[in-house]
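Taken in order, these protein sequences are the chains called A and B.
Residues in the first sequence are numbered from 7 upward in steps of one, following this note's numbering.
Residues in the second sequence are numbered from 157 upward in steps of one, following this note's numbering.
Hint data in this document are derived by calculation from the structure and do not stem from the laboratory.
Beta carbons: idealized from backbone N, C-alpha and C, even for Gly.
Hints may contain errors.
Residues from chain A that face chain B, not an exhaustive set, calculated with beta carbons under 8 Å [as the list claims (entries may be wrong)]:
#1 Ser57
#2 Ala90
#3 Phe122
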Amino acid sequence: MLTKAEIWECLSQIPDPDIPVVSITDLGLVKEVTPSDTAEKVTVTVTPSYSGCPAMQLFKQEIIEALKSKGIKEVEVKTVYSPAWSSNMISEAGKEKMRKHGIAPPEALAKDSPVFFSETKRTVRCPWCNSTDTKHTSQFGSTPCKALWFCNSCNQPFEYFKCI
Amino acid sequence: MTTKEALYNFCLRLGDNNLILGQRLAEWCSNGPILEEDLAMTNMSLDNFGQAEYLYEYAAELEGKGNSADDLAFLRDEREYFNNLLVEQPNGDFAVTMMKEMLYSSFAVSLCEALSQSKDERLSGLAVRMTKEVKYHYRHSSEWLIRLGNGTDESRTRAQTALNELWMFTADLFTMNQTDKVLVKAGISVDMNDLLPVWRRSVEEVLKAAKFKVPQNCHMITGGIDGQHTEYLGHILCEMQYLQQAHPGAKW
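So that you can see chain A by itself, here it is in the shape it has in the complex (with noise of 0.2 Å):
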């Protein structure tokens, strides 16, 4: 029998599919764990990132297995779409273990940036080589939820987590 502690260690070491350097508990998807009375039955509840995100089904399946694994009779995962996903739901730790391969966590913009081109105007620093000479070469990278910047500083590409 599991505790909700136990629930939660063992969901936090699933990574999201996209993202495997991340856990879907890193990124906020998992918003609820909720044992039955004789923690037979584990209900999940999660909320996608992306309306589009492909990742989704695949990760739904990956909890059931996980949980199964570790002897739990039941799974049931639920989805909420409300409140709504934001970057803001992703952790400390998280954001740090995107740094660390490469990928620039979100960073807000400025209250006062314009409604277009404001991508300019944003600084992210370089994963790589922390330095904030970078610039925006494109919206979407390898997943909805990323785009492409490069560091003018080290000449390296690099992958910017969107802020949303």
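Dock chain B against the given chain A, drawing on the hints supplied.
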């Protein structure tokens, strides 16, 4: 019409708008003018498909006949689709696609922001989430139009032509039928007439920055929300639904 039936129709309409626009954007896959735009258009398409899925799931629950989101997407005929005429228009060149995207996503932003206050909690929750994504689509397409409008004679002419050709489909976005009447009364949806000035402002902001002329005295075509479509929707559905219509229930 009960509130539940109206909400079902409304979720289908919003879902259909997303599905058809997403399908159109996906046509650019591997045909984008540059790699980054290929990625951008297909990623926006994914957002549309995701949003369509949420809305169809909700519609299927409201309908209560055991249909799945997929059944609603793949087994309804043209006249049962309630999307606006704008989204089904052909992609044309890149300027047409971006113009269509900007005209639609600015509408989607104003609608989703308004629906965030809906008395229906599930719809308001979805609307908050969708607002974030459609704002991005609006910004992305607008930035391209501003570049095209301030670019070469060729890019300016093409984008202005796109605007002239698509403008006739914009009034359709704000049409209402019995569904809207029931939902406005229940505080679930909003009067589309209230969205028009909001939409107009955000569209004009882009058109002004891009130095385009807004078409005047344009004949407007409507009917999308009542299932009366232009010739293009049938062709989209033929391609999109082929497999499920020919082999119902096929899985892989």
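Evaluation of the provided hints:
At its closest, the beta carbon of serine 57 of chain A sits 3 Å from a beta carbon of chain B; the interface hint therefore holds under the 8 Å criterion. The interface hint given for alanine 90 of chain A is met, as the beta carbon of that residue sits about 4 Å from the closest beta carbon of chain B, less than 8 Å. About 5 Å separates the beta-carbon of phenylalanine 122 of chain A from the nearest beta-carbon of chain B, less than 8 Å, and the hint is met.
The structure is consistent with each of the numbered hints, conforming to all of them.
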